[in-house]
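Using the sequences provided together with the hints, build the complete structure.
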Amino acid sequence: MNEGSEFSLNIAQIVQRLRGSNLHSQIERQAKDCLHRPDIKLESLKEDVRNFLRISGWEKKLQNAVYRELHIQLPPNHPRAPPEHLKEPLAYMRKAQASWEKRVLKSLNSMSTELEVPLARKRPAAEQTELTNKWNEMGTDEPDLSRFRPVYAPKDFLEVLINLRNPNRDSCEDVSAWSHWGLVQVPLSVRDIPQLRKAYSELSLNLGQLGIDDVANIHPDLFENSYVQIGEKVVMEQDSAAAQQYSRRGCPTGLRADLWALILNSMNQPQDEMHYEQLKAGVIQHDLLVDNLIYKDVKLTASNDDYYFVFEDFLYQVLLCFSRDTAVLEHFKYNSATPPKSFIHVGEEEHVVVYPPNGVIPFHGFSMYVAPLCFLYNEPSTLYNIFREMYIRYFFRLHSISSSTSGIVSLCLQFERLLQTHLPQLFYHLRQIGAQPLRIAFKWMVRAFSGYLSTDQLLLLWDRILGYDSLEVVAVLAAAVFAFRAENLMEVTSLASAEAVLADLSTLKVMPLIQIFLFATAI
Amino acid sequence: MAGKVKWVTDIEKSVLVNNFEKREWIQVRESDDWNFYWMSIQTIRNVFSVDTGYRLSDDQMVNHFPNHYELTRKDLMIKNIKRYRKELEKESSALAEKDENGKYIYLDFVPVTFMLPADYNLFVEEFRKNPSSTWIMKPCGKAQGKGIFLINKLSQIKKWSRDSRTSTFVAASSGKEAYVISLYIDNPLLIGGKKFDLRLYVLVTTYRPLKCYMYKLGFCRFCTVKYTPSTSELDNMFVHLTNVAIQKHGDDYNHVHGGKWTVSNLRLYLESTRGKDVTNRLFDQIHWIVVQSLKAVAPVMNNDKHCFECYGYDIIIDDKLKPWLIEVNASPSLTSSTANDRILKYNLINDTLNIVAPNGEIPDSRWNRSPPREALGNYQVLYDEEQAQSENAERDLRSRSGQLLGSKVTKGSAGVRPAMATWK
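So the protein lines, in turn, are chains R and L.
Each residue of the first sequence is one higher than the one before, counting from 1 in our numbering.
Each residue of the second sequence is one higher than the one before, counting from 524 in our numbering.
Please keep in mind that the hints were generated in silico from the structure rather than gathered at the bench.
A portion of the hints provided could be inaccurate.
From the derived model, a few chain L residues whose C-beta atoms are all more than 10 Å from chain R [to be verified]:
| no. | residue |
| --- | --- |
| 1 | T566 |
| 2 | L611 |
| 3 | L848 |
| 4 | E897 |
Residues from chain R shown here face chain L by an in silico Cβ test under 8 Å; the list is partial [said to hold, decoys possible]:
| no. | residue |
| --- | --- |
| 5 | G254 |
| 6 | R256 |
| 7 | A257 |
| 8 | L300 |
| 9 | D306 |
| 10 | F309 |
| 11 | E312 |
| 12 | Y334 |
| 13 | T338 |
| 14 | S342 |
| 15 | F375 |
Fair warning: this is a prediction, and the values are worked out from it, not measured in the lab.
Just so you know, even glycine gets a beta-carbon here, dropped at the ideal spot from N, CA and C.
Quick look at the structure:
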């Protein structure tokens with residue numbers, strides 16, 4: 001098959017996906033309506049309508065929609081490849097993911113049995129009214145959650161990743177001994193620093209960066225002011241691709257909310273608000289076992305966080321709605337994970353259903369994917385839509401086993417390789433004292449650093465995730481943090497003291513760390 | 524200078540003591556010779572009272588102005604601000620300009636307030652103009668939220684005045700005004716659906732000329748209970764009052780963060796959700812009202828050269844991002860509710876001492892009160908009257924030479940306000 005026909009296959013797929021969308025019907029209606037306009041002439045109908053759609057901004061909207069599809073959909077696949085290859089091309093990864101899912105689901109089911117809490121139940125009318133009334137203050141509720149425990153925590157997941165092996169590779173044969181130093185033992189290709197420099201050229205030392213060149217002692221005329229002006233222009237143009245490119249060098253605080261929405265093409269239309277209201281109604285009607293897990297997670301994480309406690313109630317709203325959102329299921333086409341299924345009894349009959357309805361079982365720390373977004377969006381339905389889009393583009397990769405370059409396995413490997421290559425002494429030292437670096441960095445990476453950095457710094461990091469459409473930068477930062485604290489780490493003699501050295505990341509400035517690590521490390 | 528500072532305090536708080544000890548100052552008793560006395564407001568009354576008063580010498584310093592209550596008692600603050608506005612009006616100052624509704628454009632920064640029982644008739648008149656409004660009653664002399672309640676019916680206040688005459692308020696009402704009643708800000712800015720107020724620390728080293736500093740590390744205090752403006756909640760004090768002293772009794776009080784959010788979080792949130800310009804304008808306005816409140820009391824303040832004072836400013840921001848000055852505390856709490864709080868207050872005292880007792884040396888009340896920039900720590904100059912006057916003189920020259928500024932006074936644009944402060 002040649003490139004040309006692959007390309008047209010892609011186009012056909014995108015056209016098909018957009019055909020059913022709201023945008024399609026909106027554009028169609030606009031095109032029909034514009035026929036009444038005096039400037040639309042019969043003799044040049046096609047041209048005039050196109051012209052109208054362009055001036056009225058609909059062409060831009062279409063472009064942004066296509067751009068989104070290109071990001072969400074995978075690189076071109078062989079047309080005859082089975083659909084599971086779209087999810088994950090490597091069989092051993094698929095198998096590992098499937099068995100992990102089985103474990104998690106089993107643990108969820110046994111929680112249901114042991115605690116005698118049904119997976120789902122319809123709320124009695126009185127309870128529905130009560131919940132409706134306190135929708136905006138769910139945080140004031142103090143239900144007894146002591147019996148509930150998170151289904152799993154990042155460290156449980158790490159154990160699974162450590163035990164991943166490629167059955168087709170005999171590790172004894174491996175010539176490069178250093179690859180045995182690390183915890184992750186799968187042969188995936190990750191980029192080295194020269195490759196990263198090429199890929200992240202916008203972060204290089206000679207270009208202005210938000211997070212570096214906008215600090216107080218640098219005059220704003222040197223970089224910031226003109227950069228902000230460009231940002232305003234990008235927002236005005238409403239162009240997703242331009243916004244994404246712009247975000248690579250950081251988004252100004254005042255424009256970030258708009259720029260991210262633009263990059264994600266999540267514009268919160270009336271139908272999105274309606275969808276959110278429907279999800280809310282779903283929460284009010286039915287009580288799910290996973291609600292307790294969400295509740296517990298928020299209480300354990302965000303509610304005790306200096307930055308995020310203020311948003312506790314927003315987190316409940318967003319996460320409870322998220323668990324009911326069947327539109328999330330769509331992303332399992334390209335996620336190595338498969339939505340868990342459970343049996344639900346309706347009267348005498350037993351039904352197999354996806355559970356929870358969105359197919360995502362929350363784990364300890366899940367709410368931290370939403371928390372930083374609360375700084376940007378103060379309207380729940382907008383916040384919800386942005387979060388959902390972030391999840392189905394990026395965050396799902398942080399807790400499923402796959403070979404994707406943004407997947408958690410690759411991030412772990414990348415982190416270890418960067419340390420092994422550029423700080424071999426440090427790596428060796430930590431390994432010798434039983435403080436494998438990944439054991440410390442894993443929790444940071446699973447949350448994309450949310451809850452570890454100060455919020456302003458976290459947002460600067462996430463700017464780059466969106467800008468480069470990849471989570472790779474998370475692994476780079478994790479390595480850069482070790483490099484930054486290398487001197488202190490060389491002196492520690494135990495895992496506990498290494499953890500202590502790296503316990504507080506809230507004073508770190510992420511962009512200088514990343515920049516120095518990528519562009520000032522000797523290679 | 525030779526010799527070590529001898530210090531006394533009647534507030535045994537670790538954030539104070541640790542700071543003194545760090546400087547290797549020597550603790551002495553009140554009856555001894557001392558150089559530095561960090562005292563409560565009860566003690567300052569004695570120090571400067573006519574009967575028992577000390578004569579402070581040049582090497583002695585205290586942390587209050589003798590009549591700080593002109594600013595820190597709710598009724599007197601209001602009285603002074605009202606007088607200040609009238610004076611400016613008399614001078615036909617541009618600051619006293621009013622809008623079409625008769626409201627001051629630049630000086631309308633405290634909620635409408637009356638003294639009770641003295642201004643009762645004025646209050647009733649105002650209340651009848653807007654009978655659906657809610658008012659907040661506060662005892663003049665008390666702090667930390669004590670004795671505060673809300674009313675939204677005249678009958679409630681009548682009942683209060685009846686009760687107070689017959690019972691516990693006898694003592695108070697036999698004295699001067701016992702209460703102030705202020706229009707309640709019923710459209711506060713909510714973050715995450717929660718109400719909050721702002722606590723900012725301001726250091727004054729002299730009133731004439733005025734020199735004051737704003738501490739960068741203020742914080743927001745959040746209500747732990749959701750805010751609903753419905754009157755059925757009026758009785759639930761936790762919803763309305765954000766004083767930590769009160770909030771601590773709420774069931775939801777969190778001992779990790781204590782319901783406190785840093786001002787830098789507030790700025791990040793506002794800039795992200797509302798934009799940079801409006802956020803800058805809000806902070807400029809906050810600085811503006813602090814300076815104006817200090818200018819309002821400067822003429823009546825006993826500007827004793829042995830004194831400095833660190834005030835706790837309480838400010839509420841409404842949903843139109845207008846800041847309101849609620850009250851000023853002379854002895855902001857030095858109790859630490861969380862680990863971060865402890866660090867903050869330790870640093871606050873540390874930075875304060877670095878300004879008022881430079882290099883930890885024995886204080887000299889004749890000091891020039893112009894600390895070098897690097898000694899400011901987390902303080903920033905909020906207003907320096909001397910410097911502002913020299914700048915004004917310069918500006919006058921410029922405006923006479925054609926660059927008129929008076930005609931371009933636009934609301935909220937801090938830079939062109941007359942006699943603007945020098946905090947930037």
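Tested hints:
No beta-carbon of chain R is positioned within 10 Å of the beta-carbon of T566 of chain L; the least distance is around 35 Å. Distance to chain R confirms L611 of chain L as a non-interface residue, since its nearest Cβ pair spans about 34 Å, more than 10 Å. Residue placement check: L848 of chain L keeps its beta carbon more than 10 Å from all beta carbons of chain R (closest about 23 Å). Residue-level check passed: E897 of chain L sits 13 Å from the nearest beta carbon of chain R, beyond 10 Å.
Evaluation of the G254 of chain R hint against chain L yields a held restraint, the C-beta minimum of about 4 Å falling below 8 Å. Interface hint status for R256 of chain R: upheld, as the beta-carbon distance to the closest one in chain L is roughly 6 Å, under 8 Å. Contact between A257 of chain R and chain L, as hinted, is supported at the beta carbon level, the nearest pair being about 6 Å apart and thus within 8 Å. Taken as an interface hint, L300 of chain R does not check out: its beta carbon lies about 11 Å from the nearest beta carbon of chain L, beyond 8 Å.
At its closest, the beta carbon of D306 of chain R sits 5 Å from a beta carbon of chain L; the interface hint therefore holds under the 8 Å criterion. Taking 8 Å as the C-beta contact cut-off toward chain L, the hint placing F309 of chain R at the interface holds, the least distance being around 5 Å. Look at E312 of chain R: its Cβ gets to within about 7 Å of chain L, closer than 8 Å, so that hint holds up. Below 8 Å, beta-carbon pairs count as interface contacts, and Y334 of chain R has none with chain L, the closest being about 31 Å; its hint is therefore violated.
The criterion of a C-beta within 8 Å of any C-beta in chain L is not met by T338 of chain R, whose closest approach is roughly 35 Å, and the hint is violated. Taking 8 Å as the C-beta cut-off, the interface hint given for S342 of chain R is violated, the closest approach to chain L being about 33 Å. Below 8 Å, beta-carbon pairs count as interface contacts, and F375 of chain R has one with chain L at about 5 Å; its hint therefore holds.
The structure does not agree with the numbered hints 8, 12, 13, 14 stated previously, though it agrees with the rest.
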